[in-house]
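**Student:** Quick mapping for you: the protein sequence lines, in order, are chains E, F, P and A. Taking the numbering used here as reference, the numbering of the first sequence is continuous, increasing by one, and the terminal residue is 326. Taking the numbering used here as reference, the numbering of the second sequence is continuous, increasing by one, and the terminal residue is 326. Taking the numbering used here as reference, the numbering of the third sequence is continuous, increasing by one, and the terminal residue is 326. Taking the numbering used here as reference, the numbering of the fourth sequence is continuous, increasing by one, and the terminal residue is 326.
In short, the hints are calculated from the structure, not lab data. Careful, some of the hints might be misleading.
As a list, the in silico DSS-like pairs of lysine-lysine whose alpha-carbon atoms are at most 25 Å apart [to be verified]:
1. K12/A <-> K238/A
2. K164/A <-> K241/P
3. K164/A <-> K289/E
4. K289/F <-> K104/P
5. K199/A <-> K164/A
For the chain F half of the interface with chain E, some residues (derived, Cβ under 7 Å), not all of them [claimed, not checked]:
6. D253
7. L256
8. Q264
9. A267
Quick reminder that beta carbons are idealized off the backbone N, C-alpha and C, glycines included.
One letter stands for each residue in the lines below.
There are 4 protein chains.
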Amino acid sequence: MTKLTAQAAGTFAIAPTPFHDDGRIDEKSIDRLTDFYAEVGCDGVTVLGILGEAPKLDAAEAEQVAIRFVKRAKNMQIIVGVSAPGFATMRSLAKASMDAGAAGVMIAPPPHLRTDDQITTYFKQAQEAIGDIPWVLQDYPLTLNVVFTPAVIRKIVMDSPSCVMLKHEDWPGLEKISTLRGFQKDGSLKPMSILVGNGGLFLDFEMERGADGAMTGYAFPELLIDVVKLQKAGKRDAAHDLFDAHLPLIRYEQQPGAGLAVRKYVLQKRGVTASSAQRKPGATITAAAKAEVDYLLSRVARVDRRANLQPQSSAAG
Amino acid sequence: MTKLTAQAAGTFAIAPTPFHDDGRIDEKSIDRLTDFYAEVGCDGVTVLGILGEAPKLDAAEAEQVAIRFVKRAKNMQIIVGVSAPGFATMRSLAKASMDAGAAGVMIAPPPHLRTDDQITTYFKQAQEAIGDIPWVLQDYPLTLNVVFTPAVIRKIVMDSPSCVMLKHEDWPGLEKISTLRGFQKDGSLKPMSILVGNGGLFLDFEMERGADGAMTGYAFPELLIDVVKLQKAGKRDAAHDLFDAHLPLIRYEQQPGAGLAVRKYVLQKRGVTASSAQRKPGATITAAAKAEVDYLLSRVARVDRRANLQPQSSAAG
Amino acid sequence: MTKLTAQAAGTFAIAPTPFHDDGRIDEKSIDRLTDFYAEVGCDGVTVLGILGEAPKLDAAEAEQVAIRFVKRAKNMQIIVGVSAPGFATMRSLAKASMDAGAAGVMIAPPPHLRTDDQITTYFKQAQEAIGDIPWVLQDYPLTLNVVFTPAVIRKIVMDSPSCVMLKHEDWPGLEKISTLRGFQKDGSLKPMSILVGNGGLFLDFEMERGADGAMTGYAFPELLIDVVKLQKAGKRDAAHDLFDAHLPLIRYEQQPGAGLAVRKYVLQKRGVTASSAQRKPGATITAAAKAEVDYLLSRVARVDRRANLQPQSSAAG
Amino acid sequence: MTKLTAQAAGTFAIAPTPFHDDGRIDEKSIDRLTDFYAEVGCDGVTVLGILGEAPKLDAAEAEQVAIRFVKRAKNMQIIVGVSAPGFATMRSLAKASMDAGAAGVMIAPPPHLRTDDQITTYFKQAQEAIGDIPWVLQDYPLTLNVVFTPAVIRKIVMDSPSCVMLKHEDWPGLEKISTLRGFQKDGSLKPMSILVGNGGLFLDFEMERGADGAMTGYAFPELLIDVVKLQKAGKRDAAHDLFDAHLPLIRYEQQPGAGLAVRKYVLQKRGVTASSAQRKPGATITAAAKAEVDYLLSRVARVDRRANLQPQSSAAG
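Chain E on its own, in the form it takes in the complex (with noise of 0.2 Å):
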């Protein structure tokens, strides 16, 4: 595949990672997963992020869930997440995902990064360690506890000429990617592409803010996709209808560490994977939860039919 460019933007679905229910693997899904992304138009996914419990696989695992999806894609760009506690294991799966054929890698700050030297160190020799490979530069205080300013980010964005993209997901953040937009209008930070995360929770105005798309695990991506179309048409009332429609359930798959298991709950209920294990340690869903999300999902119908899941949905309601 072509690699990734500062120039990216529309959606890349988060993909969580599909296990059988005792925790190993399920490479079907895996490939039913990136067809699904691929039919509902997604440009991208991005594979092994907090959602893909990538520090629950051990090093052979995430070579072979990231090729896997890499080789299943066609049109669709696969950035991988490298994070890793060192630069000896984040350099051997950036390589091994670039020679199968990814289009980039993302990064994030290990917790115990504090002042900005630290986390502009971090980041160089970061990209010392994966060479010259395009890397998407993640930037999620809630979850990681590293906090980057504006400035922060535009350093380490220019020290690297590979980094071309921002994951944009601080809470709140509409602030921030007005300032780096306007970093850009000044002429002191390089053209990037910012797609946002948080879950979409703000996708509404982070594209009227300047976001280039979305990237994040919202388990209907269609959503993600046609609010990004339809505010770049300008179509401002009609995305946030849309949105609007869908945000109470973006807000419930939104809980931290609780999230994830709706997401694998909703996507099992679309059909898409066989089953929604996590591995341990993980969190499971309760039944009082399930009939939530049914009923949140029966409410975003009405106003969007793809949110229909009743014929599959009879047993689990």
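The hints should help you fit chains F, P and A onto chain E, whose structure is shown.
**Tutor:** Showing chains F, P and A alone in chain E's frame:
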């Protein structure tokens, strides 16, 4: 006023502290804010919480603000946040507030608590410090950085006869409510009120899980009141319909740090407070954010006419 | 008293706050403690620091303690810790202390500060709050959980004409002193006093790296005074010989949390304070720990006879 | 080799991982280091701990290093640190190490664990992942950021028949040893070995509180061995005399982060390893720090001639 009991229910607004633009306390706006909460039908008001910028007041100011609210409230119970780095300060404010007629106090844990023992010991000592004053336990890990298990909450509550309420704002938190209500069913936890916070982001389902009401700072307490009542009346769909209409704004207000600026902006726009100023260190609201809030208000107003602030907002916008 | 300047040097004792066994402030012991510090030759005393259990006092008590120390001290400068969750409280205590004759105040960062900008902005606002009062910047990441780079310290100091001293207690911290002194050599940092804390655990080498003296709570300030003087006189081996004799006890006192109980025990044993009580929440010292301290004292006393506390200790051991 | 049991005692060195200057693993230095530990009389060696820069190795390298140590050790037990972000990686390394002849493995908690339940659940799942391999529980809050109460340690140990040892390095930690030994006396905790770490900073008293020995990385394991033996022989004063002579250097080595550079420098100076290089991200040792270490060594050597490295150090200094 009557003291707070374990039978408390309904909607308690979390009040911001109104300041003049130069940072002085705005007592007239305290009065107007109190009247506003009474007029819309709040059952009570909680003052000097996190939203109330309590740590920015010195001891004399904190007493002054608490007493002003207490004196102005007529049929509403006032709960005073007395969280403090030390028990001497906590005790002083708690006594002064109760002497003035407050219904109870609220205590949040200091951020360094880690083990179950550290947490339960802290609240045991806090209870000793304030004596038999009815108090509310605040459980807000996202902001307070202290994690309570349901069993720890049970121990704190069972160790303290005067702990009558939980301000529940864990996230995710739905299962926690179910677990605590289960403890009461199995007889291991005494009756206690559970009011939910976290900006109201999950109020719809929290009521279904067994909450007694809401205690949060959303700038339309009318919405909280209505959802609580509709859910108690068993009108589930109507509750969700109304809630969902407000959710885009609820979500916007629930941004950590930035949310207070939004709330003060909306309350000022509603004519309740004279200024939206915060004391330093505080967040401000940009013109872009104001425009976003105005847009959200106009969208909410399509369903809930109380959000139509156009006439009043000509100067404030 | 004269105000604190960037030329301050020598030994400033960090004073514990003496309490009666029932938790009331022990004013007579404050007087005796102040006299003791003067008699052994301290250049100054810092009160209401972390060691002084400052957060456990309410606002009136904090003023009372600060003023008592200030009034009693004759030729010694008193620095008052004014760290507080908000600037209103900080300002009140700072003004009251200076009005009573304090030499300056000390400010530590609140624990939530992360980025370089957050840190420098906080101290800029703190300086605005206290006006032109001379102040000490406290850099103690182990306890305060905020990490300053040397460049951040430089920016804080250069932005504030009235910041005259650094209380240096980073760990490890030797290179930081060298870097800051290097900044002064290259002209990018103005003259400022650097006194070292962290229990004195590295005082021996910190003096060689360029510190101006000690500011810490070791229960034998005589040792700090002697090591500072010997190092300034160029008597390196003698400084280390004396320091090393005390190091086993210095280390024992420098245990986080537990150290204060040890110090209060030793000061009581030395006859300086009436009680070793702490306010809740506080640590106590077990019989086993007392016996260990007594043993350490007896070993120090083989080299430094001032540690021979046998006559007074017959009952306490 | 024989497997690790609850009767383990004496001194286990924590081994650094030797690298060439360019970051490659230095296998010859692994051999020499293993021989060195055997020659001075260590009872065992722990590899791939925090000191061993384990997270900087990829999976293949970690196995390679562990096996190299295991194969070289003759009468010494090798414990392999298998802490990992996920159980799959933990299991892989544990199995490979045991197959090669390791005596057991060591597991530290991941940094996000907070409540007692989270901690005990994690170790229950870790135990399931590694099966019946004997394992060591590492309790090191200063670095690992997870706080265990004695009761939590008891629960972990009682839930896992194969947990045979505690690597105790809480700080302060003396009372914790006494409490755990008390649990054993009252019958609520099974027999287990307690070896102490934290750089050896409290080894003198920890032995008196009931520790079975030392497991730490001080560059003179001879000192650890001697103090453990003297204390077991009841020669208290002699143990402290020797310990105190080394304490200035022990303290210097125990600086967080910087300490590893000091240890690698001393081991290189002793002729045990070829290089003092660390993999990135790593600390370096300045010329000033080297001179300070040399000075400390010369002072230790006045009492303990093994610290006289003058002849060997002519080139390395």
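**Student:** Next, verify each hint and record whether it holds.
**Tutor:** Each hint, compared with the structure:
1. K12/A <-> K238/A: Roughly 23 Å separates the two Cα atoms, so the pair holds.
2. K164/A <-> K241/P: violated, 54 Å
3. K164/A <-> K289/E: Within the cut-off at roughly 20 Å; holds.
4. K289/F <-> K104/P: holds, 19 Å
5. K199/A <-> K164/A: Within the cut-off at roughly 11 Å; holds.
6. D253: Result: holds, 5 Å to nearest chain E Cβ.
7. L256: holds, 5 Å
8. Q264: With a minimum Cβ separation of about 4 Å from chain E (threshold 7 Å), the hint on Q264/F holds.
9. A267: Holds: closest Cβ of chain E sits about 4 Å from A267/F, inside 7 Å.
Against the hints set out earlier in the document, a violation occurs for number 2 only.
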